[in-house]
Structure formats: structure tokens, C-alpha cells
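Model the placement of chain B on the given structure of chain A, informed by the hints.
Now for the letters of each chain:
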Amino acid sequence: MRRTYQTAKYLCLLGWSTFVVFPFLWALSTSFKDANAVTSGATYIPWLEFEPSTKGWQSLFASGSQGINIVTPFINSTMVTLIASVISLILGTLAAYGLSRYQFRAGFVKNSDITFFFISQRIMPPIVLAIPFFLMLKEIGGLDTIAGLVLVYIALLLPIAVWVMIDFFGSIPPELDEMAMIDGCTPIGAFFRVILPNSVAGIVVAGMFCLIFGWNDFFFAFILTFTKTQLLPVAIVSLNSSVTPWWSLSAFALISVTPLALVAVVVERFMSRGSLAGAFR
Amino acid sequence: MAQTVFAPWADPNEKPLIEFRNVTKRFGDFTAIDDLSLDIYAREFFALLGPSGCGKTTMMRMLAGFEAPTEGSILLSGHDIAPVPPNKRAVNMMFQSYALFPHLSVWENIAFGLKRESKDKAAIAARVDEMLKLTRLEKFARRKPHQISGGQRQRVALARSLAKAPKLLLLDEPLGALDKKLRQDTQFELMDIQEKTGTTFVIVTHDQEEAMTVASRVAVMDEGKLIQVATPAQIYEQPGSIYVADFIGEVTILEGHGEKVGDAYEFAFAEGQPRLHAKTSRDLGAAGRMYLAIRPEKVSISADKPEDTPNVLKGRILDIAYLGNISTYHVELSNGQIIKAQEANTRRLSRRSFTWEDEVWLSWTDTAAVVLER
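Going down the list, the protein sequences come from chains A and B.
With UniProt numbering as the guide, the letters of the first sequence map in order to residues 1 to 281.
With UniProt numbering as the guide, the letters of the second sequence map in order to residues 1 to 374.
Bound-form chain A, shown alone:
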């Protein structure tokens, strides 16, 4: 009975894992194929089923008509995502701290309304936002520029940062702030000297979300840029023409995933830091 249960459990887990990992395996094997191998059916095992080739990988860094420029979109994506994430994180953390510790009131608008206002920006379907963003960027000359994209991405990432950080600050008892004030800190000093150092875990989580959403956004990058400023997701899709170079596209996709994977590995080490263990009782 127990054996059957164990077997069934592992079969289920194995099945699901395969489903999740398969796209990566497909991209990995395809990135080492040439045109011949791609068109000759679904094959996965190199040397045995198909002759591996590094053409796809080489094309990403080659120049000329054969080459696909990956470097510029990569730098663009990195800049837009990093700048927008850092600004969103700074503004979001400050806003969330204010909302978690002080009561604001303007007419009938209270803290909960302000919090909802932040989140509500992500309720609207992106297509509804895209047109006004396009018009605004056109007016201020921000179309097809890094600065314009950063502006739009901050608007999209800030709600995530505020949302995650409000929740996190809510888990830090206000007594910690009060103790800092009793020990000579101003309210601002209490935030920077005591609350912020203990919020590393929350900031890391919020930062991860910002990076993931920013890095992977295709829709706004596609609408708001043309040729000058291309981001990675748009660059990948633009490979898809009459003859799609699947080998290059796969290698491209794998490279675009790498930074986030690396960030996740590094960041995971910080998650356990800054826990409140030992502060209370």
C-alpha cells in the first residue's frame, strides 16, 4: 500500500517536472541543431539522433548579414530593467513604510484607498494602458528611448514593490521603530538605522519581482519602441520571419533567461538574512 503510494507520488512529480522543464530541454537541444536537424522531426539526443552544431550560438555574436545582434538589446534590457527596478524599489519601499506606519487622510481617502490605488494600476489590461502611454511618450519625445521605457516600467513595477513591502513592513512590529526613537532616533533615523537593515529579505523579494516583470515584458517594449531601442524579448520575436532560424532563436532565448537565473541563485542567499529572529521575547 505504502509502496504504491510512493510510486504514484514520484510518478506524478516526475510527470509535472518534465512538463515544466521540457521547454528548456527543447530550447537547449534546438540551439545545437542546424537547419537540417530542425526540419527532420522531433529529436532530442545529440550525436545519436542529430549531429550537433554550434551555428545557432555563433550567429548571436557574428557580425554582418549572417549575424544577429544580441549585445545591444541585452544592454538595453539590462539598463531599462535595472534602472526601473531600483527606482521602483526605492520609491516603493519609502511609500510602503509610510503607509504601514502613519495614517494619512485627505477627505474620504485613507491609507487603504492609497494602497488600493497603487495596486489598481495593475488591474487594467495592458492594452488599455498602452495607448495613453504611447500618446504621452510621443508628446514628451520619449518613444523609442531608454528613458521613456524606464518611465513606463516604473509605473508598472512600483505597485509590485509597494505591495510586497507593505506586507513585509506589516510583519515588523512598530515597537522596533518606537524603541529606535526612544534610543535617540528621529522617525527617519529609525527607518534607516533599524527597519531598513531588517528588511533585506523583503527588499530582495520585491526586487526579484521587479526584475522578473521588467526583464520579461514584451508588450510595452514592443508598442513603445521601433528600431533604435530594442529590448531582448522584442529582439527574439523579431527573429521570427519567413524563415525562422530556430537554432539562433533558441540560443537567444536561453541567454536571455540566464541573468534572472543567476540573480535568483545569488539572491536566494540573502533571503534568510534580516529575519527578525531574536528581536522579540
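Rather than coming from a laboratory, the hints here were simulated on the basis of the structure.
Heads up, some of the hints might be wrong.
[Unchecked claim] Estimated spans, in silico, between C-beta atoms of each pair: (1) Met136/A - Ala125/B: 29 to 35 angstroms; (2) Phe104/A - Ala125/B: 40 to 46 angstroms; (3) Phe117/A - Arg43/B: 29 to 35 angstroms; (4) Lys180/B - Tyr102/A: 36 to 42 angstroms; (5) Gly150/B - Val109/A: 51 to 57 angstroms; (6) Pro83/B - Pro173/A: 26 to 32 angstroms; (7) Phe27/B - Ile119/A: 44 to 50 angstroms; (8) Phe27/B - Ala155/A: 35 to 41 angstroms; (9) Ala155/A - Gly198/B: 42 to 48 angstroms; (10) Gly176/B - Phe117/A: 39 to 45 angstroms; (11) Asp29/B - Pro174/A: 52 to 58 angstroms; (12) Met124/A - Gly176/B: 46 to 52 angstroms; (13) Gly150/B - Val267/A: 29 to 35 angstroms; (14) Pro83/B - Ala155/A: 53 to 59 angstroms.
C-beta atoms are modelled at their ideal positions from N, C-alpha and C, and glycine is treated no differently.
Frame of chain A, contents of chain B only:
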């Protein structure tokens, strides 16, 4: 040489360190503190005692600067503290939860406040080491709060709150998180440290035993008002009201008709029961409805009717609560009234003189019971 008794509240020339002047604090419609006036003197160990929601924590938060009085004023050394923000007050606080800074070591936690007001590194280090020594934490200086035990955290919180040598230290249920044995040890430690440093301590607690143990004076509070402010002994022996008598320790309260005879009251509480006698210095009028409060340990219990005792009642043992060192007997009188009597268990259990359903005599002296108006 006779030691002078510490009682600044009895000295009319003594200036109080803290004065609450007709302080009222409302949160919306709820009145947490109701027109309260109170003086606390330097070097006192003052306890605010009351059930949860009585306003004691609000008083402490007003002293710390986290709440402002709705009406009235609070003076510290004669100056109104209303305009002074928490970080500028000569007041420190120890939270019930300790609120240690988890990202800092024990040493850095204690140095935190000192660093905010001084740049002199040598002086800070000397002061921190002094505090570590005072609280016997030298060995744990480099550890983080999560690497030490609950009792040690409590001492870190105390060391940190004393480091800046505040005029006034507020302690909010400081021992609530400790187990009973450790709590008792720490109570004496607290008293010792208070005496050594000469700091004025105001402690908030709902544990009457703790308040009685540590405090020079106790304020019993209820619903935002002070019910009685007095020394622990006065609170216990001379409670001013049924509320105080009942809140502190065990007590039997009899309701009846009192009549003044000389310096005592004759007290009739039930048909068929003898009159009781209670001496008192209070004047509750010539006659009227009143109450008699008797502490169980002041009631003697015996098999034979005692002679020459002003108060003697006959009853039957209903219940025995055995607490090891003492036993509390619940004795039912013929009219159904239950009176508690306590006996120290000086003998082993097997040779105990009374058991359930035994007919016994209860007696107490004429100074044992307290006559109360309400």
C-alpha cells in the same frame, strides 16, 4: 543607626519627578485615562497595576511620548513634556517584547542609544562594558539576539534601556515572557539594579505579586482611574475599596450592617450568625451598610471553640486547596456564606488535622478584618 525609610511621597517639601495633572486621554469615543492626577518621585520604583484595558499602558506611552494627553499635562522635573518628541526625552523604555534590534549584536544593541548622542568611542565602549557587567552579559557581547536565551534577552533589553542613564525608565510588563522561577529571580535583580543606578522605575504589570514584590508604591487602576496609590503593605493590609481588596491577593468579603462602638464597628452580616468586631481608624459614619474584608491567612481554624477571641464562627469544611506550603480551606457557615481560611502546612500531609465535612471553628482578632464602604 536606624535607616531612614524611603518615603518621599510623605515629605511635603519633596518635588515630584513626574506629575500627571488632570490628564485625560481619549481614543475616539473611548476614554482610556479619565482626569487622572498622580505624582511620582525620583528614585521610586512605581508600579501601575490593573487588569488589561485599564489604561496603564496608555499612561506609559504618554510618558514615552508616543501618545499625547487629550487634556491636562504631564510634567517631568517641573517641565511640561508635551512638546518634547520621544527621541529627546530623558526617558527610556523596556518593552514587554524587548524589541531588540535583530541585526545588531548584544554590544551594538546596548551602544545604539549612546552612539546617537555622542561621538566619543572610548566613553561609549566604557559605558557599554559597564552595562554588560551590571547585567552579567560580558560573555554574550558579540552574540546576536537570536543566539541567546529569553532571560538573557531580557537583560540585554534592560542594559540597553539603562545605558543612557535616563531619569526615568519605563518597564512594560518586563518579566511577562519569563517563566515563573526566572521571573522571581529577575524581580530581585531588577530591584537590585534600580537601587544601584538610582533610576526612577515605572513598571506596568497585571501581576499583583510582581507589583507587590518590586514596587515602593503601587497604583491600582481600573477603567482609566486610579483606585488607590499606596505602599504594597498598605494596599494589602489597608485596601481602600472592595475592588482593591479583591484585586490584590485572596479575600473574603462579607456584606452587612455596621454600627460604630468606640473605635470599632459591630458588624451583623446574617441572621443567626454572631456579630463581628473590627477596629478601624476610618470613620464610616455611626451606622449603615458596609463591607468586611478578611484575608484568609488571618483566619484561624480549630476543632474546639477558641476562647477570648472577638470573632468566632462555626462552619463545615467544603473544599481544601492544597498548595504545598499552605492550604486554603473553604468553610461554609450555616447560612451558606463561605469564608476562606489559610493554614501553613507545618506538618506532613498524613498528620493534617482537618479534612472535608469536618465541623470547625473560625476565629480572628478585631484588627484582622478591614471595614469598607464599598
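Each hint, compared with the structure:
Between methionine 136/A and alanine 125/B the Cβ separation comes to about 57 angstroms, which falls outside the hinted range of 29 to 35 angstroms. In this structure the hint that phenylalanine 104/A and alanine 125/B lie 40 to 46 angstroms apart at CB holds, the actual value being about 42 angstroms. Between phenylalanine 117/A and arginine 43/B the CB atoms are about 53 angstroms apart, so this pair departs from the stated range of 29 to 35 angstroms. For lysine 180/B and tyrosine 102/A, the Cβ-Cβ distance of about 40 angstroms falls inside the hinted range of 36 to 42 angstroms, so the restraint holds.
Checked against the hint of 51 to 57 angstroms, the pair glycine 150/B and valine 109/A fails, with Cβ atoms roughly 43 angstroms apart. The hint said 26 to 32 angstroms for the Cβ distance between proline 83/B and proline 173/A, and at roughly 27 angstroms that hint holds. For phenylalanine 27/B and isoleucine 119/A, the Cβ-Cβ distance of about 29 angstroms falls outside the hinted range of 44 to 50 angstroms, so the restraint is violated. Taken as a hint, the range 35 to 41 angstroms holds for the pair phenylalanine 27/B and alanine 155/A, whose Cβ atoms sit roughly 38 angstroms apart.
Look at alanine 155/A against glycine 198/B: about 59 angstroms separates their beta carbons, and that is not inside 42 to 48 angstroms. Glycine 176/B and phenylalanine 117/A have their C-beta atoms about 40 angstroms apart, which keeps the hinted 39 to 45 angstroms range intact. Checking the proposed 52 to 58 angstroms range against aspartate 29/B and proline 174/A shows it is violated: the Cβ atoms sit about 23 angstroms from each other. For the hinted restraint 46 to 52 angstroms between methionine 124/A and glycine 176/B, the CB-CB distance of approximately 49 angstroms keeps it satisfied.
Between glycine 150/B and valine 267/A the CB atoms are about 32 angstroms apart, so this pair conforms to the stated range of 29 to 35 angstroms. Between proline 83/B and alanine 155/A the C-beta distance comes to about 41 angstroms, which lies outside the given range of 53 to 59 angstroms.
The structure fails hints 1, 3, 5, 7, 9, 11 and 14 (numbered hints given earlier, in ascending order).
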